[in-house]
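**Q** Letter by letter, the chains look like this.
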Amino acid sequence: MILGGSESVLVLGITGKQGTFWSERMRDYGTRIVGGVNPKRAGERHLDLPVWASARDAARSMRIDAAVMFIPPFGVKEAALDAIEAGIGKIVCLTEHVPVHDTMYVLAAARERGVRLIGPNTAGIVTVGECFAGFMPAFNPRVFQPGDVGVISRSGSLGTLLCLNLVQVGLGIRAFIGIGGDPVIGTTTRDALVALDQDAGTKAVALVGEIGGSMEEEAAEYARSMKKPIAAFIAGAASPPGKRMGHAGAIVMGNKGSYAGKKAALEAAGVTVCATPFGVAEALRDLRR
Amino acid sequence: MNFEEHAGKAVLRAHGIETPGGVLAASVEEAARAAERLGPCVVKAQVAAGKRGKAGGIKLAADPGAARAAAAAILGMAIGEHRVDRLLVEAQVPIAREMYAAVLNDPAAKGPLLLFSAEGGMDIEEIAATHPDALVRMPLDIRKGVDGQTLAAALPASLPCDRAALVALLGRLYEAYVRSDAELLEINPLVVTKDGRLVALDCKLVMDDSAIPRHAELARTGTPDTLTSLEAKAKALGLKFIELDGNVGVLANGAGLTMTTMDAVRHYGGSPANFMEIGGESYTKAKPALELVLANPRVKCLLVNFCGAFARTDVMTEGVVGAWQELNPRIPIFFTIHGTNEDEAIALVKSRLGITPFDLMDDAVKAAVEAAR
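These protein sequences, in sequence, are chains A and B.
According to our numbering, the residues represented by the first sequence are 1 to 289, in order.
According to our numbering, the residues represented by the second sequence are 1001 to 1373, in order.
If you're looking for bench data, these hints aren't it; they were derived computationally from the structure.
Among these hints, one or two may not hold up.
Quick look at which bits of chain A chain B covers, simulated, 3 or more residues with Cβ under 8 Å [as the list claims (entries may be wrong)]: (1) 182-192; (2) 201-214.
Examples of chain A residues lying across from chain B (beta carbon under 10 Å, computed) [as the list claims (entries may be wrong)]: (3) P73; (4) P99; (5) M104; (6) R111; (7) F135; (8) L161; (9) A237.
A quick note: this is a predicted structure, and the numbers were derived from the prediction, not measured.
Think of the CB as a built atom: it goes at the ideal place given N, C-alpha and C, for glycine as much as any other residue.
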């Protein structure tokens, strides 16, 4: 799930306001944007790139390694299934408010075809100094400096703050993986942790978790086996108890989800859990000394 | 979005699942009249909250007089954060056995999960703790749904009811879950009557908020969140705002960063007055957001934390500075600003308010906590 600068990227919804704005930024930074999709504008050129009616059409013309989606919530299911059908191996879905049933449908199809979906509701992924997919300020040198820390975050704004904090203490970043804030997502904290563990360029991991669900606990099980140092911040210690969790949900999660439970699970796995994002940056700096 | 029992049961009935005959009642008289028609009945508080029975919100009534007394006791009662203003009066059902059935979104398997236990009537946590072997968990592929044969084989070898009828009911429950974009659709207890019928005695339905636009009609029967008047105002403006009991006003962009700002206030010994997020599409709404935060008389200072990726910090800051000058509140304000267009944003704060944003969030938080003491 670490995007390479040589990988070709298709932008679904390239002609919209956000699609246009961020496609230009991505391309300027080094992402190999090869075109976009808009069924109503097929055959035209946009940003001097070809526009196809579907991802399947695009894939018939050239090899597409990844797709990034600037698609409204109720269009996500159809657009993602099109990209999966086209044989695209990585899909980054930025959209917030995608119905969860639609996400589950897309993920079932993705699993069958061996497709990696990142999101929904993510700010994207950044391979620092190389390329990015999504709407992260990869091009802001105060937030992103090249280095060897891998960053995992559910939240774009908080992930941005953490990257900035790493740079403030003199560390650099290898890759940022925004996994997304939705209850059901394609790439979990654990999936991202495995990818960073296997990535030769990553020497340490900064992990940003959030209360709710059980992803941090699942990641902790894997973290136990890792040699690379990990420091974590879990947002939500001061939040009022969640209202969204149903009773049946709580049992399936094994009653995981609280700040205390996540902190304890991560600490038991040897992860340094810090009280603020800046603490994570300081801890990683100190661990590296 | 949560649904009260009667609204959830209407969904079940629309999918061919039997529920006891019942009537909604908003007064003692209506409850008594319903009891005259139904005979021995149950009077149940209609609030979208659990533990209604333990709170005294469910009472058996043998006759209209008893129904009148039960209604008088329950109407107006507070259960959780809700006040009871409606009752469901239902005919009593001759129960032979109580079971449990639910379908829910399972983030771990990334798909629907069907749960069934021949032991029901208690909380699912209790079932899992006391009868773990009796709990059937069946992950489903949402593209395919329930396969009757697979399900029939997955159910316990011995059942207190007809296997085919149960398989059919669980299939209908799954259909209802899919068609209402539910996060959770639960029947507890699902009873086997003395004459062998399957009847849903209670129902809990939670709909995915993101799916509400495609279920306008069903959503009208749901229960809106209980909001304070300020929270309701925020919601109408498309802002996420939750009032808390502290005195440090918090304004940030993005859910993760807003939570983190509150955490940091708590970590440095203060207490946040609110959650107010203006990220995503709402980043141009800084002004109304600020007005809402300041409308809380407990707020002794304001902490603004922007970290812009998608959201432009100069646009958000412009909104805050403009509103601040207009409202002219007599409390201190602290900024920390990073990300997209931060130079312009920081210059704005310096020139218009004559203060310098903190470079480190932690320093801004410490200053705000100190000022609120």
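**Q** Among all the numbered hints in the text so far, which are the ones the structure does not match?
**A** none
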